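Line order of the protein sequences matches chains A and B.
Sequence positions in the first sequence follow numbering that gives the first Met the number 0 and run 0 to 179.
Sequence positions in the second sequence follow numbering that gives the first Met the number 0 and run 0 to 501.
Treat the hints loosely; a few may be bogus.
If you want the footprint, here are the derived chain B segments under chain A, 3+ residues with CB under 8 Å [claimed, not checked]: (1) 47 to 58; (2) 178 to 187; (3) 391 to 402.
Hints are computed from structural coordinates only; laboratory data are not their basis.
Remember, it's a predicted structure, so these values are computed and weren't measured experimentally.
Glycine included, every Cβ here is placed at the ideal spot set by N, Cα and C.
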Amino acid sequence: MSDRQPSSHNYGWVLGATLVFLVGSIGAALFLLPPTLEMSFGGMGRPVGPGTVPIIVLTLTILMVLIVALQEVLYFCKRRGGKLVPIETTSDESSELEASALRKVIYAVATLALLVAFLLLWRNTAFPVAASAFSVILSFCLLPAGWRRPKHSLSAAVIAIIGVLVIWLLFEFILNIRLH
Amino acid sequence: METISLLAGGFQTLAANPVGILWIALGVFVGITCGAIPGLTATMGVAVFIPITFSLEPEIALATLIGVYCGGLSGGAVPAILLNIPGTPSAMVTTLDGHPMARQGLATRALGWALVASVVGSFVGWVALVTMAPVLARLALNLGSAEYAALALFGLTIVVSLSGSALAKGLLCALIGIALSMVGLDPTTGEDRWTFGTINLFQGISIMPALIGLFAIPEILMAIAAPGVQKRLNLERSRMIPTLGEMMMQKWNLLRSSIIGVGAGIIPALGGNIGSILAYDQSRRFEKDGAKYGTGRPGGIVASEAANNGVTGGALIPLLTVGIPGDSVTAMLIGGLMIHGLQPGPRLFEANGDIVYAILAAFLLATIMMYLLSVVGYRYVVRVLNLPRHVLYPALLLLTVVGTYALNRQIFDVGLMLALGALGFIATLARFPVYPIVLGLVLGPILESEMRRALLVSGGEWSIFLTRPVSAVLLLLSVMAIVGPIVVRYMQKSRASRNASS
Numbered sequence: 000m001s002d003r004q005p006s007s008h009n010y011g012w013v014l015g016a017t018l019v020f021l022v023g024s025i026g027a028a029l030f031l032l033p034p035t036l037e038m039s040f041g042g043m044g045r046p047v048g049p050g051t052v053p054i055i056v057l058t059l060t061i062l063m064v065l066i067v068a069l070q071e072v073l074y075f076c077k078r079r080g081g082k083l084v085p086i087e088t089t090s091d092e093s094s095e096l097e098a099s100a101l102r103k104v105i106y107a108v109a110t111l112a113l114l115v116a117f118l119l120l121w122r123n124t125a126f127p128v129a130a131s132a133f134s135v136i137l138s139f140c141l142l143p144a145g146w147r148r149p150k151h152s153l154s155a156a157v158i159a160i161i162g163v164l165v166i167w168l169l170f171e172f173i174l175n176i177r178l179h
Numbered sequence: 000m001e002t003i004s005l006l007a008g009g010f011q012t013l014a015a016n017p018v019g020i021l022w023i024a025l026g027v028f029v030g031i032t033c034g035a036i037p038g039l040t041a042t043m044g045v046a047v048f049i050p051i052t053f054s055l056e057p058e059i060a061l062a063t064l065i066g067v068y069c070g071g072l073s074g075g076a077v078p079a080i081l082l083n084i085p086g087t088p089s090a091m092v093t094t095l096d097g098h099p100m101a102r103q104g105l106a107t108r109a110l111g112w113a114l115v116a117s118v119v120g121s122f123v124g125w126v127a128l129v130t131m132a133p134v135l136a137r138l139a140l141n142l143g144s145a146e147y148a149a150l151a152l153f154g155l156t157i158v159v160s161l162s163g164s165a166l167a168k169g170l171l172c173a174l175i176g177i178a179l180s181m182v183g184l185d186p187t188t189g190e191d192r193w194t195f196g197t198i199n200l201f202q203g204i205s206i207m208p209a210l211i212g213l214f215a216i217p218e219i220l221m222a223i224a225a226p227g228v229q230k231r232l233n234l235e236r237s238r239m240i241p242t243l244g245e246m247m248m249q250k251w252n253l254l255r256s257s258i259i260g261v262g263a264g265i266i267p268a269l270g271g272n273i274g275s276i277l278a279y280d281q282s283r284r285f286e287k288d289g290a291k292y293g294t295g296r297p298g299g300i301v302a303s304e305a306a307n308n309g310v311t312g313g314a315l316i317p318l319l320t321v322g323i324p325g326d327s328v329t330a331m332l333i334g335g336l337m338i339h340g341l342q343p344g345p346r347l348f349e350a351n352g353d354i355v356y357a358i359l360a361a362f363l364l365a366t367i368m369m370y371l372l373s374v375v376g377y378r379y380v381v382r383v384l385n386l387p388r389h390v391l392y393p394a395l396l397l398l399t400v401v402g403t404y405a406l407n408r409q410i411f412d413v414g415l416m417l418a419l420g421a422l423g424f425i426a427t428l429a430r431f432p433v434y435p436i437v438l439g440l441v442l443g444p445i446l447e448s449e450m451r452r453a454l455l456v457s458g459g460e461w462s463i464f465l466t467r468p469v470s471a472v473l474l475l476l477s478v479m480a481i482v483g484p485i486v487v488r489y490m491q492k493s494r495a496s497r498n499a500s501s
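Can you build the whole structure from these sequences, using the hints too?
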């Protein structure tokens with residue numbers, strides 16, 4: 000799977016994401032520990048209780064977080080110590096389709112925020128309204144720089160709304176799945 | 000003989016449902032299109048398409064999804080050849096000879112070779128599936144709880160062992176997946192586990208929101224961030240499909256590569272990427288013009304495409320026989336099976352034999368349709384590559400949201416899907432493998448329930464896992480899968496340092 004080395008430019012972001020992932024994992028494991036300890040762990044006629052496997056999983060999770068953290072610290076020290084040759088760009092990352100980590104984070108956070116706003120709007124209005132707003136805003140954001148003119152923006156908005164209507168009609172009337 | 004008659008029944012079921020055949024054709028077309036768009040994969044196509052198949056009959060729904068799977072792997076060759084950008088990860092090797100051929104003005108021919116190889120690979124995969132799956136399912140019926148628990152553990156460890164140098168990261172992700180699978184009421188005692196009183200979590204985390212969140216959302220987010228490809232593409236007008244004589248010259252390459260693909264599909268997590276690399280490497284060794292591979296030789300395209308399509312049949316074997324997904328798309332298919340009330344595993348052939356054989360028949364039909372649709376439609380699929388991102392991605396995101404909502408008509412599921420999508424995105428960015436999380440989520444309940452059942456039978460004796468031969472062998476293989484890569488890496492390092500010092 001993914002074991003290529005990050006470029007120097009992206010390394011900070013990869014490290015940040017790793018930190019978030021590890022802190023999130025260990026935080027969740029520690030948070031779940033007290034309720035797990037209240038579960039039963041087997042007894043008469045039941046060698047394994049509902050809490051047995053969860054407690055094993057949580058213990059192993061904490062252990063693995065510590066191991067991965069140790070590996071990352073060692074890797075970080077190696078890089079800083081200059082023992083590891085810094086890789087400016089890998090073949091994958093130099094690909095014209097590969098975005099920088101900063102760009103990925105910005106786009107992902109913005110898109111997820113937009114999706115959450117869409118869900119809130121959907122709960123308070125109707126699906127076509129909320130989805131059209133979401134789709135039009137995202138379409139504008141994704142328009143190429145040279146296309147951000149009234150004519151192109153209008154056609155993008157129209158196409159986005161048509162797309163929403165197609166999805167709505169497909170689910171509501173063909174698949175009979177009500178989007179309320 | 001029994002298999003042939005059951006398969007004939009499967010074909011009859013399909014023939015009686017012409018609308019179903021149209022759905023399969025649509026699935027194949029959507030798959031080819033998804034595969035052809037760089038950044039989108041067959042997994043994404045299946046994720047978006049599962050909700051649309053809710054209302055279909057199970058065999059047609061599953062056949063449509065398999066059509067998306069086959070089409071997706073085949074479509075990946077289009078941008079690999081035309082743009083030097085693999086449409087799907089498994090088409091990476093296709094770029095090596097496909098794009099040089101396109102630069103020589105032979106793009107249509109290269110696409111023709113890719114198509115023929117994809118169809119042969121899919122066909123060989125289908126033959127392997129039809130001949131091996133029923134036999135293996137019958138054998139698997141003899142397995143007890145201890146063996147099933149060991150098998151689930153083996154499935155998890157083999158995936159983790161393929162996490163490359165990130166073995167610990169893979170293990171952590173598998174554990175996170177298992178932890179997610181434990182949320183909800185305990186299936187045996189009904190005790191509350193990590194729900195914190197949330198009614199929506201009493202039934203546990205639904206598999207589909209989790210799969211869509213972990214696979215599709217990070218994929219779309221990454222694709223949205225990628226700079227757009229603004230090249231206008233068209234195909235030159237020339238003969239596409241190679242002649243029979245030309246194909247016969249590649250017959251051993253086609254067969255060898257397809258078989259390698261099937262093998263790679265059977266082993267969980269190897270998948271199309273490694274299958275096509277292995278096949279390309281073997282083809283380079285055995286073919287006469289192997290030394291010229293990388294300069295635009297049809298043999299290179301044939302090896303890569305036959306292997307990555309052979310994977311489809313191979314990956315379905317562990318899915319249908321023991322309920323272990325061979326790759327990320329088959330993990331999605333598990334969700335598809337469950338939605339239609341089908342439990343993947345050996346009992347599937349016994350309990351729902353008619354549906355399973357209809358699915359197997361539909362797989363062959365999807366392969367034939369892949370050929371026909373590609374011959375007619377590649378020229379149009381190429382135009383999809385010109386589709387602007389601002390049209391494509393909002394629609395795809397809406398489809399994932401609506402699809403997740405359609406499952407239980409709950410906004411909660413959509414929120415869960417987005418939360419897991421964020422988790423998947425962070426994991427991808429931090430270079431943690433996402434597939435072990437999904438596999439942990441799928442195999443966690445099997446591992447726990449079968450382990451508890453085995454211990455109940457043995458009266459709490461953990462030695463039951465070692466005294467039963469199949470279970471003991473699987474546990475030994477699991478240990479080897481984890482320890483093996485560490486030992487190999489240690490030996491490689493010590494050899495390298497010995498060489499450096501001498």
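Okay, the hints, checked on the actual structure:
1. 47 to 58: Coverage by chain A holds here, the residue count being 4 at a Cβ distance below 8 Å.
2. 178 to 187: Coverage by chain A holds here, the residue count being 4 at a Cβ distance below 8 Å.
3. 391 to 402: holds (count 8)
Comparing the model with each numbered hint stated earlier shows that all of them hold.
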